[in-house]
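There are 2 protein chains.
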Amino acid sequence: LLGVILLKKNSKLNKSIKEVGEREIISLIQKNLSPMPKITIPFGDDVSAFELDKKKLAVIKTDMLTSKTDIPNEMSLWQAARKAIVMNVSDFASKGVKPSAAIVSLGLPNTFSLKNVKEIACGLNAGAREYDTYIIGGDIGETSDLIIAVSLFGTSMKKGIMQRKGANIGDIVAVTGQFGKTAAGLKILINEINVLPKLRKPLVSSVCFPKARLQEGLALRASKSVTSSIDSSDGLAWSLFELSRSNKLGFLINKIPIADEVREFAESNGLDPFELAFYGGEEYELVITLKSESLEKTQKNLEKNGSKLIPIGKVIKEQKMFAIINGKKEIIESRGWEHFKNIG
Amino acid sequence: LLGVILLKKNSKLNKSIKEVGEREIISLIQKNLSPMPKITIPFGDDVSAFELDKKKLAVIKTDMLTSKTDIPNEMSLWQAARKAIVMNVSDFASKGVKPSAAIVSLGLPNTFSLKNVKEIACGLNAGAREYDTYIIGGDIGETSDLIIAVSLFGTSMKKGIMQRKGANIGDIVAVTGQFGKTAAGLKILINEINVLPKLRKPLVSSVCFPKARLQEGLALRASKSVTSSIDSSDGLAWSLFELSRSNKLGFLINKIPIADEVREFAESNGLDPFELAFYGGEEYELVITLKSESLEKTQKNLEKNGSKLIPIGKVIKEQKMFAIINGKKEIIESRGWEHFKNIG
Numbered sequence: 001l002l003g004v005i006l007l008k009k010n011s012k013l014n015k016s017i018k019e020v021g022e023r024e025i026i027s028l029i030q031k032n033l034s035p036m037p038k039i040t041i042p043f044g045d046d047v048s049a050f051e052l053d054k055k056k057l058a059v060i061k062t063d064m065l066t067s068k069t070d071i072p073n074e075m076s077l078w079q080a081a082r083k084a085i086v087m088n089v090s091d092f093a094s095k096g097v098k099p100s101a102a103i104v105s106l107g108l109p110n111t112f113s114l115k116n117v118k119e120i121a122c123g124l125n126a127g128a129r130e131y132d133t134y135i136i137g138g139d140i141g142e143t144s145d146l147i148i149a150v151s152l153f154g155t156s157m158k159k160g161i162m163q164r165k166g167a168n169i170g171d172i173v174a175v176t177g178q179f180g181k182t183a184a185g186l187k188i189l190i191n192e193i194n195v196l197p198k199l200r201k202p203l204v205s206s207v208c209f210p211k212a213r214l215q216e217g218l219a220l221r222a223s224k225s226v227t228s229s230i231d232s233s234d235g236l237a238w239s240l241f242e243l244s245r246s247n248k249l250g251f252l253i254n255k256i257p258i259a260d261e262v263r264e265f266a267e268s269n270g271l272d273p274f275e276l277a278f279y280g281g282e283e284y285e286l287v288i289t290l291k292s293e294s295l296e297k298t299q300k301n302l303e304k305n306g307s308k309l310i311p312i313g314k315v316i317k318e319q320k321m322f323a324i325i326n327g328k329k330e331i332i333e334s335r336g337w338e339h340f341k342n343i344g
Numbered sequence: 001l002l003g004v005i006l007l008k009k010n011s012k013l014n015k016s017i018k019e020v021g022e023r024e025i026i027s028l029i030q031k032n033l034s035p036m037p038k039i040t041i042p043f044g045d046d047v048s049a050f051e052l053d054k055k056k057l058a059v060i061k062t063d064m065l066t067s068k069t070d071i072p073n074e075m076s077l078w079q080a081a082r083k084a085i086v087m088n089v090s091d092f093a094s095k096g097v098k099p100s101a102a103i104v105s106l107g108l109p110n111t112f113s114l115k116n117v118k119e120i121a122c123g124l125n126a127g128a129r130e131y132d133t134y135i136i137g138g139d140i141g142e143t144s145d146l147i148i149a150v151s152l153f154g155t156s157m158k159k160g161i162m163q164r165k166g167a168n169i170g171d172i173v174a175v176t177g178q179f180g181k182t183a184a185g186l187k188i189l190i191n192e193i194n195v196l197p198k199l200r201k202p203l204v205s206s207v208c209f210p211k212a213r214l215q216e217g218l219a220l221r222a223s224k225s226v227t228s229s230i231d232s233s234d235g236l237a238w239s240l241f242e243l244s245r246s247n248k249l250g251f252l253i254n255k256i257p258i259a260d261e262v263r264e265f266a267e268s269n270g271l272d273p274f275e276l277a278f279y280g281g282e283e284y285e286l287v288i289t290l291k292s293e294s295l296e297k298t299q300k301n302l303e304k305n306g307s308k309l310i311p312i313g314k315v316i317k318e319q320k321m322f323a324i325i326n327g328k329k330e331i332i333e334s335r336g337w338e339h340f341k342n343i344g
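As they're listed, the protein sequences go chains B and P.
Per the working numbering: the first sequence = residues 1 to 344.
Per the working numbering: the second sequence = residues 1 to 344.
None of these hints come from the bench; they were simulated from the model.
Just so you know, not all the hints are guaranteed correct.
Each pair may be met inside one copy or between any two copies, as identical chains are not told apart.
Below, a list of computed lysine-lysine pairs in the DSSO-like style, where the Cα atoms sit at most 30 Å apart [what the hints assert, rightly or not]: (1) LYS255 / LYS314; (2) LYS31 / LYS187; (3) LYS118 / LYS38; (4) LYS328 / LYS255; (5) LYS12 / LYS54; (6) LYS329 / LYS55; (7) LYS187 / LYS308; (8) LYS201 / LYS115; (9) LYS201 / LYS158; (10) LYS98 / LYS38; (11) LYS211 / LYS115; (12) LYS15 / LYS31; (13) LYS118 / LYS15; (14) LYS224 / LYS98; (15) LYS248 / LYS118; (16) LYS328 / LYS55; (17) LYS320 / LYS255; (18) LYS12 / LYS118.
With the hints as constraints, model all of the structure from the sequences given.
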């Protein structure tokens, strides 16, 4: 029997990473790492954090952009480099933490010119300065693909840091913006779909010039009303399922915030706007839960600075996800963008 | 005239990165980044550091290993992953700072199996635990080469952190071990040179299982006698030239610490042992300067824990590097391992 078990285990390890997808790979890696004792935010949240002293946390995060999967042809090197910063800042934003400094490991194909390198440096710097942070170190190496691995560092008071866990039944689910634009934009770029310029511009721009909701994240944390928080870099559905898993609770989504351009794009191309809004990715809105009695006050606070907080549903006891689509309550499937698995 | 200048500048930017080498690329990147105000250790040292408060520093570093240039065929994935940690720890060691936590961006070719991934995770963990640190976060993505981009984080008292700058005329130059083994080991692995097993083993092991001198770095800092410090990951000559540049001073090296195995390997293969010791790389000894009156006491302190501190020369006013080779004073050229330039 032991032989059979070992054989099974080994045959599983012989599987190609293409067969299993990102989450199973990450889970295997985590299983083989010794956990840091008394860590405040371990694996499985948007950032990692540990105590600097009794009140203060060190917060760190790394997220890598690779030309093999993450950079559509139309995206410039400047945009790609800026985006590599933005996607890390978005994770800090979702915890309500201001980043202090970034370091960058850059893998460069040897066909690159100095001009290409300058464009990348300028894009990195633009991204960092946009969120009032600095790039203070890095490394370069030779690689087949362009690789931009950014690590972000910041400090935070332990008290009030927003985590994925903490939602309660009856809390409101809310988001900082509308969804579906990057999914539509990626379809335009990858499938070379022709659309009118007035649609093309905002949809492609959401892919090539994304923005992190740092101001919103800091304001949400200051409101003290948020019970759980995540960014939506792997899609709205994925973010909701992550919050659901972390909290062992479910959601009833009654109003899906789909951008007008997305509805128009979907209609003229025979696509499902809900699909675009739910299962997109590379979108950097924050998805939070908050106490229902604090919604109005928190919304007003965010609006003061030109930001939005859109309620989209509520937290329910049953660990499932439902959405009201065209007046009908439907169950939402657990899927979203996953590296490796989504590729050929 | 302005036209000519602009033309010249542009033609320089049109150059391929292969033509210019790592240092010029890094310098171009730095020129295009906004410097963080009041940073304690900016670009150009082994780590970056900025103030957490008046007494304490945040110390960060990223160093990337790529299969395209950094992983010889004989090196296992476990060894490569462990080495990716070790090379970052070495930079912390050279500043006398203990790392607290690491995060890793991992680029995986889609031909990898879960077994390959497990081996990498175990290697990363082994490297981290060897130096009493933990891997607390990371990211994975699909890449053509294997990419292991490690970022290391730690805190340090501001007082006493060892930097590249600080050497004085008359200081002793000292190192924590002998040189040349990795240069010899890499020749064995890359040029497939046949050698006796008793030579092969230690030389190849220095490449595949390097060690960071963290214990030595912490003890050296505690000794309060060190005036400047660097690790030797780009070769002994390169490290000395970096210290020379940072301090605007020179060195007279009177005793080059070459490992016995390196002398033997060089002799039987018609190679120059000084070349192997000076212009190697991927070696993780510390190269420091210290007050001459403190040498003996510092040596004794290090020997208590089984470590070594070998004096190899002294700091001179003239910003040049001389070495006594076979009884003759020779001038040493400024060169060492450089990515991109050294490749076809």
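In rising order, the numbers of the hints this structure does not comply with: Checked against the structure, the hints that fail are numbers 2, 5, 6, 9, 16, while the rest are satisfied.
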